[in-house]
Amino acid sequence: MDRKHPGEVLLRTSGLTKRFGSLTANQDINLTVQAGKIHAILGENGAGKSTLMKMLYGVYAPDDGEIIMDGEPVVLHPPMKAKAKGIGMVFQDFRLIPAQTVLDNIALAVGKGWRFRRKQLRERIMEVSAKYNLAVNPDAYVWQLDLGQRQRLEIVKVLLMPGTRIIIFDEPTSVLVPQEVEAFLQMLMLLRKNGYGILLITHKINEVMACADQVSVLTAGKMVFHADTMEGLTPEQLIAAMMGDKQITNVEKLDTGAADEQEVLRLEDGEIVGDHGNTVLANVQLKLHRGEIVGVAGISGNGQRELAETLFGLRKLKHGMLTVKGKGISGGPKAFIDAGVTYVSEDPLKESVIPGFTILEHMVLDGMPVKEKRIGIDWQGARQMLEASEEAKALRLADLNRRADKLSGGNVQRMVLARALMRKPDVLIISYPSRGLDIGTTRTIQQHLLDLAARGTAILLFSEDLDELFKLSKRLVVLAGKQLSGPYDAAEITASEIGTLMLRGESA
Amino acid sequence: MKAGTSLTVMPVRESFLSAGRLRKIGLTITVFLAPFVLYGLFLLCYEVNPIELYWSMLKSTFGSLFGFGEVLLKATPILLTGLAAALPARAGLINVGGEGQLIIGALFATFAAVFFLDSAPSWVGIPLMLVFGALGGAVWAGIVAVLKTAGRMNETISSLLLNYVATHTVSYFVHGILKDPAAFNWPYSPQISWQLRLPTITGTRLHIGFILAILLAAVVWFILSWTKLGFNIRVLGGNKLAAQRTGFRINWMYVWVLLAAGALAGIAGMIEITGIEGRLRSTTGVNYGYLGFLAAWMAWNHPLRLLFTSFLLGMIAVAGNTLEIGSGLPASSVQILMALVLFFLMGIARRLRS
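As they're listed, the protein sequences go chains A and B. Residues 1 to 508 (this note's numbering) are what the first sequence spells out, left to right. Residues 1 to 354 (this note's numbering) are what the second sequence spells out, left to right.
These aren't lab readings, by the way, just hints derived from the structure by calculation. Any given hint could be a false lead.
On the chain A side, residues computed to face chain B include the following (Cβ under 8 angstroms) [unchecked claim]:
hint : residue
1    : E271
2    : V273
3    : G277
4    : I329
5    : S345
6    : K350
7    : S352
8    : G456
With a straight-line cut-off of 20 angstroms between C-alpha atoms, the simulated EDC-like cross-links for lysine to aspartate or glutamate are [stated by the list, open to error]:
hint : chain 1 : residue 1 : chain 2 : residue 2
9    : B       : K240      : A       : D269
10   : A       : K482      : A       : E171
11   : A       : K327      : A       : E268
12   : A       : K318      : A       : E351
13   : B       : K240      : A       : D347
14   : A       : K327      : A       : E351
15   : B       : K240      : A       : E263
16   : A       : K327      : A       : D405
17   : B       : K240      : A       : E306
18   : B       : K240      : A       : E351
19   : B       : K228      : A       : D378
20   : A       : K81       : A       : D70
21   : B       : K240      : A       : D213
22   : A       : K222      : A       : E261
23   : A       : K334      : A       : E351
24   : A       : K474      : A       : D489
25   : A       : K325      : A       : D269
26   : A       : K327      : A       : E263
27   : A       : K406      : A       : D378
28   : A       : K334      : A       : D378
29   : A       : K327      : A       : D338
Since we're looking at a predicted model, the values are computed, not measured. Just so you know, even glycine gets a beta-carbon here, dropped at the ideal spot from N, CA and C.
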């Protein structure tokens with residue numbers, strides 16, 4: 001399996017482009033993968049890393065440009081063809097069957113013909129796992145394995161695939177604990193020594209510094225930075241490239257005179273657990289004052305959803321005290337709604353849209369004071385009220401008769417935002433308000449949020465767009481490494497300082 | 001749904017839509033005819049002439065007042081247990097427990113009739129029996145609700161398994177304290193007194209219970225379609241997460257919906273006792289729960305469509321008797337026909353709805 005020519009070009013792309021509707025996810029990407037080299041692809045969430053990798057693994061067919069292997073253009077879509085060309089991918093969400101053993105999972109992917117040659121396969125598994133220090137027990141069931149073990153299994157699977165030359169790793173260390181990360185990087189270097197071409201997708205700069213030979217940075221679908229050698233490259237340069245050369249202009253906020261020291265929400269010493277009972281955030285201290293916007297920065301997956309859900313009663317605090325307007329609060333969303341809290345979730349399509357219901361019905365469900373007509377609902381009245389609503393007009397809400405589950409993501413976003421704005425809540429927990437929206441609507445929403453704050457609403461704003469956070473927030477907090485740090489005064493801290501905080505937590 | 005009325009739809013698409021609608025109607029007709037054709041092939045294997053048989057089935061059900069009454073009689077409990085499946089389904093719950101809820105409703109109603117209401121006049125006794133029947137069904141469904149909300153158990157499984165428990169519970173009573181002392185050890189309850197029986201329509205066995213069932217279907221339909229309560233139930237069924245984020249007390253709603261469903265099935269049990277059997281046996285109401293579930297599925301959980309599907313199932317059930325007499329095949333072989341009807345409907349449901 002060893003390759004003879006380190007540095008040999010295994011794969012090259014030129015002008016690779018992928019569009020989804022009006023969104024260009026990847027534009028003009030030129031990239032090479034060489035034998036015996038680790039090529040790191042850096043970028044923030046949504047920068048287009050996954051799209052690029054999925055094109056190389058054949059999940060998507062490119063709209064433009066070409067992929068060249070062995071000196072000729074190749075078609076990699078569907079993945080079967082990519083596999084045949086020797087491209088393997090270790091996914092973030094593993095493609096494994098929990099009810100089967102490790103051996104059977106591998107046999108399923110690698111085996112050919114009608115018969116499972118279990119004995120032979122077992123030997124090969126042991127061989128590969130010894131060679132690369134990938135301890136896997138072939139007879140364990142997948143459901144018994146932790147995430148690190150599952151990842152090792154995935155890697156063994158890819159290595160056993162006949163003819164694998166290129167291995168793509170999608171955020172491989174996100175499922176690993178720090179001790180495992182070290183071992184993983186060792187293994188990666190061993191693979192490099194044996195001549196595999198490796199693509200490493202990540203947003204962790206210290207890993208890139210530790211093992212990569214080449215690095216490319218994606219921002220908004222474009223390759224904005226590329227270095228063929230790591231020599232002389234500093235982490236700061238990479239951070240700057242990832243953040244882009246966006247001038248973080250502190251857009252003039254309305255002087256939020258309304259902001260005063262009146263505290264409306266306070267979380268003390270909070271411990272928040274995730275879906276599987278694991279601690280996601282510990283020791284959280286958070287205060288929201290009337291009329292202020294507090295921005296929450298952080299790489300997604302660092303407890304944003306859990307924190308937001310806790311502040312809306314969807315998730316119980318494991319430990320700590322939560323007060324709204326000075327009163328301790330417990331119970332479900334109902335109690336929080338009654339206390340004046342409104343929540344816009346990060347995935348409205350999944351969490352807010354009811355299949356088959358129209359926009360009007362969604363608006364009546366939440367947002368507008370319901371006009372009851374005896375035991376029924378005054379739909380006509382609700383329609384008139386909505387048509388007169390300033391917020392609905394400003395957000396260019398789609399036709400009220402349209403089914404919400406058939407709307408585009410942007411239109412759904414407008415709908416849930418209109419609902420939240422119309423409520424004029426005391427506390428607004430809002431996640432990723434501008435996700436999926438064009439610049440014009442984004443501006444409108446940002447303006448509305450500022451206005452809302454000026455009128456006294458306390459807003460906790462989750463966003464992955466630092467620009468937006470700086471533009472709107474008075475203070476910023478950062479989620480990283482199970483901690484919430486801050487608050488920092490938005491006028492006194494720079495974007496790169498926040499960026500460093502976001503990344504630092506990851507390596508801690 | 002209402003695409004035709006939307007102003008934004010272009011004229012070109014309008015005609016496309018109506019073509020699509022025609023296709024849907026055609027599909028529906030095919031789906032209802034195909035099982036009869038297939039079942040006809042089955043009959044041919046047994047040297048039974050399907051056309052003749054279908055004709056005699058039609059005659060036995062629509063040909064006489066008595067036959068038609070029998071169909072309505074069969075359709076009544078199916079309609080009610082169908083509602084017991086359809087209402088929770090709209091809230092996102094799958095209640096397969098109509099069977100058990102009906103039986104326990106019958107048990108409660110009989111128990112009340114035998115021990116408390118024996119000498120009560122009709123106008124007191126029958127409504128009270130109704131209340132007891134509804135209560136029995138609600139208690140049985142209440143167990144499912146508690147398991148669901150407090151124990152996080154899947155309601156499909158628990159409601160199904162409780163059906164068996166219900167059967168044995170009734171057996172226990174008809175072998176024990178509810179056993180008719182005059183019955184020479186046969187396991188059934190004493191006859192309930194005559195003034196507790198529902199009045200019947202002359203010339204048939206049909207009692208007025210079917211009017212009650214239709215009324216209840218209309219009430220369920222009205223609540224679901226036109227009230228704030230029904231709106232909330234549909235929201236819950238449409239997207240539980242959205243309902244939660246709107247501040248609904250989801251578990252509370254689950255409990256009430258299940259109780260209401262149980263009460264509907266329980267009323268079916270009460271009607272079986274007071275309308276037809278007059279006494280409780282361990283076989284009372286057997287299979288009506290499952291037939292109701294079937295009817296609800298066929299009607300896509302719409303209460304008014306349920307009127308039609310439960311009638312259809314009632315007709316097939318009655319026709320089974322004709323089959324036995326006319327062809328020598330066992331009456332239960334119509335269950336093949338019912339299964340075929342269901343398979344075709346389920347297979348086509350998604351295509352019709354999209």
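How the hints compare with the structure:
| no. | hint | verdict |
| --- | --- | --- |
| 1 | E271 | 22 angstroms, violated |
| 2 | V273 | 17 angstroms, violated |
| 3 | G277 | 15 angstroms, violated |
| 4 | I329 | 13 angstroms, violated |
| 5 | S345 | 7 angstroms, holds |
| 6 | K350 | 7 angstroms, holds |
| 7 | S352 | 5 angstroms, holds |
| 8 | G456 | 22 angstroms, violated |
| 9 | K240(B) / D269(A) | 31 angstroms, violated |
| 10 | K482(A) / E171(A) | 18 angstroms, holds |
| 11 | K327(A) / E268(A) | 13 angstroms, holds |
| 12 | K318(A) / E351(A) | 23 angstroms, violated |
| 13 | K240(B) / D347(A) | 14 angstroms, holds |
| 14 | K327(A) / E351(A) | 28 angstroms, violated |
| 15 | K240(B) / E263(A) | 33 angstroms, violated |
| 16 | K327(A) / D405(A) | 38 angstroms, violated |
| 17 | K240(B) / E306(A) | 18 angstroms, holds |
| 18 | K240(B) / E351(A) | 8 angstroms, holds |
| 19 | K228(B) / D378(A) | 10 angstroms, holds |
| 20 | K81(A) / D70(A) | 15 angstroms, holds |
| 21 | K240(B) / D213(A) | 49 angstroms, violated |
| 22 | K222(A) / E261(A) | 44 angstroms, violated |
| 23 | K334(A) / E351(A) | 16 angstroms, holds |
| 24 | K474(A) / D489(A) | 6 angstroms, holds |
| 25 | K325(A) / D269(A) | 17 angstroms, holds |
| 26 | K327(A) / E263(A) | 11 angstroms, holds |
| 27 | K406(A) / D378(A) | 24 angstroms, violated |
| 28 | K334(A) / D378(A) | 23 angstroms, violated |
| 29 | K327(A) / D338(A) | 12 angstroms, holds |
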